[in-house]
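Relying on the hints, combine the two individually framed chains into one complex.
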Amino acid sequence: DTAVSQTPKYLVTQMGNDKSIKCEQNLGHDTMYWYKQDSKKFLKIMFSYNNKELIINETVPNRFSPKSPDKAHLNLHINSLELGDSAVYFCASSPPAAGARTDTQYFGPGTRLTVL
Amino acid sequence: AQSVSQHNHHVILSEAASLELGCNYSYGGTVNLFWYVQYPGQHLQLLLKYFSGDPLVKGIKGFEAEFIKSKFSFNLRKPSVQWSDTAEYFCAVSQSDKLIFGTGTRLQVFP
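Quick note, the sequences are listed as chains C and X, same order. Under my numbering, the first residue of the first sequence carries the number 1, and numbering increases by one thereafter. Under my numbering, the first residue of the second sequence carries the number 117, and numbering increases by one thereafter.
There's no promise every hint is true.
What the hints assert, rightly or not - Derived DSBU-like pairs: lysine-lysine, alpha-carbon spacing no greater than 30 Å straight-line: (1) Lys177/X with Lys44/C; (2) Lys22/C with Lys36/C; (3) Lys40/C with Lys187/X; (4) Lys41/C with Lys165/X; (5) Lys52/C with Lys19/C.
Unchecked claim - Here chain X is said to cover these stretches of chain C; the calculated rule only asks that three of the stretch's residues, wherever they fall, bring their Cβ under 8 Å from a Cβ of chain X: (6) 18 to 32; (7) 65 to 72; (8) 107 to 115.
To be verified - Which residues of chain X face chain C? A partial, calculated answer using Cβ under 8 Å: (9) His159; (10) Leu160; (11) Leu164; (12) Tyr166; (13) Glu204; (14) Gly220.
Note that these hints are calculated values from the structure, not bench results. Here the structure is a predicted model, which is why all the values come from computation and not from measurement. For glycine and all other residues, C-beta sits at the position ideal for the given N, C-alpha and C.
Next comes chain X alone, as it looks inside the complex (with noise of 0.2 Å):
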């Protein structure tokens, strides 16, 4: 069965900090990814995906990920990060008709 790890579980940067949190999957098929943000209090929202084409994508809110297929990885990164971005990320894969989660990465900026 697919599974998914988000190695850093808590990140604290300052603000215009670069930011890159790491996301490997297990199952070496053919696979969507996506990078969701979970705001304090809110809902899921999703920031990019990548279902093929460009091993770049490009999210909203100046985010980008990379998929890499010989390593797994579908690391979230943003050049310089803001207040706002403190929130909980959430890397999923897709397995047929469901999403498999990793267990989310804390990101804090203080200014």
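Next comes chain C alone, as it looks inside the complex (with noise of 0.2 Å):
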């Protein structure tokens, strides 16, 4: 069974499109992220949801925008999309956190988003 799973895997599009990705977890966690990994690897958290409530989010431009229809899911819709976007995105889930740091995340396959 996928614990973390996300749709579409790869992506590809115009300059100024607008395009979601989505996500669900089975593992029954209440906390979920959306990660961007540029093209060297890094890996930079975006967004964190728990319990479908905004709990972080990093310096990302609004054209993204996060929603989270129940805790098992959390998309990620991106609009008007620039060269710079494309990267893999990864979903993320974690139990509740332990002691007041974050437990393990368990991550998705992620989606390679190119945009042309």
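Structure follows, in structure tokens:
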């Protein structure tokens, strides 16, 4: 059984388009995340939701809008795509924090976004 | 703010060689520490983690890491690498609700 799944796996689109990436976890976790991995493999957190509420919003352009319809889903919508948005986007989830510090995060397979 | 340094950007080894990848973090308080591995074209998987207790942590696939608080370090080790260990390795440190990742170390193992 896939614990954290993302769709689509690959996304190729033109500049200026709007696209969405979906994420679902069946681990029963309350917290979900979106990360961006750039071409140099650097991973940076973008957003975190806990039980459908936004917890972390790093300095991400407001063209990126996460939506959590329920605690098992965290989708990422991107408006007016730019060349610099090309990256691999990973969704992750984690159980409740251990001693106010985040516990193990479980990652999805990633979505490779290419903006032409 | 917390930061994580992985000084080895690219490591090339022959099979059966020993491995040690460095990881240092900046914040001196109580932390959770992780090593993740990303095999080519795949997602990140947890290798091992340290929350408290014995500072020598055993992970999957023969990996281990040692937490040395005085050095702010959490180095990853494996006594004998295999070709299948070729991957990107990420050290991560918790900071409240999020993980701060290092820049990663690319390990290439040749037969």
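These are the hints, each one checked on the structure:
Straight-line distance between C-alpha atoms of lysine 177/X and lysine 44/C comes to about 26 Å, which keeps the hinted pair within the 30 Å bound. Our distance criterion of 30 Å between C-alpha atoms is met by lysine 22/C and lysine 36/C, whose separation comes to about 14 Å. Restraint check for lysine 40/C and lysine 187/X: satisfied, since their Cα atoms lie roughly 27 Å apart, inside the 30 Å limit. Between lysine 41/C and lysine 165/X, the direct Cα distance comes to roughly 21 Å. Compliance with the 30 Å bound is thereby established for this hinted pair.
At most 30 Å may separate the alpha-carbon atoms for a hinted pair to count; lysine 52/C and lysine 19/C meet this at roughly 21 Å. Check on the stretch 18 to 32 of chain C: 1 of its residues sit with their Cβ under 8 Å from a Cβ of chain X, so the three-residue criterion for coverage is violated. With a threshold of 8 Å between beta carbons, the proposed coverage of the stretch 65 to 72 of chain C by chain X is violated, since 0 of its residues qualify and at least three are required. Closer than 8 Å: that is the beta-carbon criterion, and the stretch 107 to 115 of chain C has 4 residues meeting it against chain X, so the requirement of 3 holds.
With a least beta-carbon distance of about 5 Å to chain C, the hint placing histidine 159/X at the interface is held under the 8 Å criterion. Evaluation of the leucine 160/X hint against chain C yields a held restraint, the C-beta minimum of about 4 Å falling below 8 Å. Violation of the interface hint for leucine 164/X is found here, the shortest Cβ-Cβ separation to chain C being roughly 10 Å, above the 8 Å cut-off. Contact between tyrosine 166/X and chain C, as hinted, is not supported at the beta carbon level, the nearest pair being about 11 Å apart and thus beyond 8 Å.
At about 6 Å, the closest approach between the beta carbon of glutamate 204/X and any beta carbon in chain C falls short of 8 Å, and the interface hint on this residue holds. Because the closest C-beta pair between glycine 220/X and chain C is about 5 Å apart, less than 8 Å, the hint holds.
The structure shown violates the earlier hints numbered 6, 7, 11 and 12.
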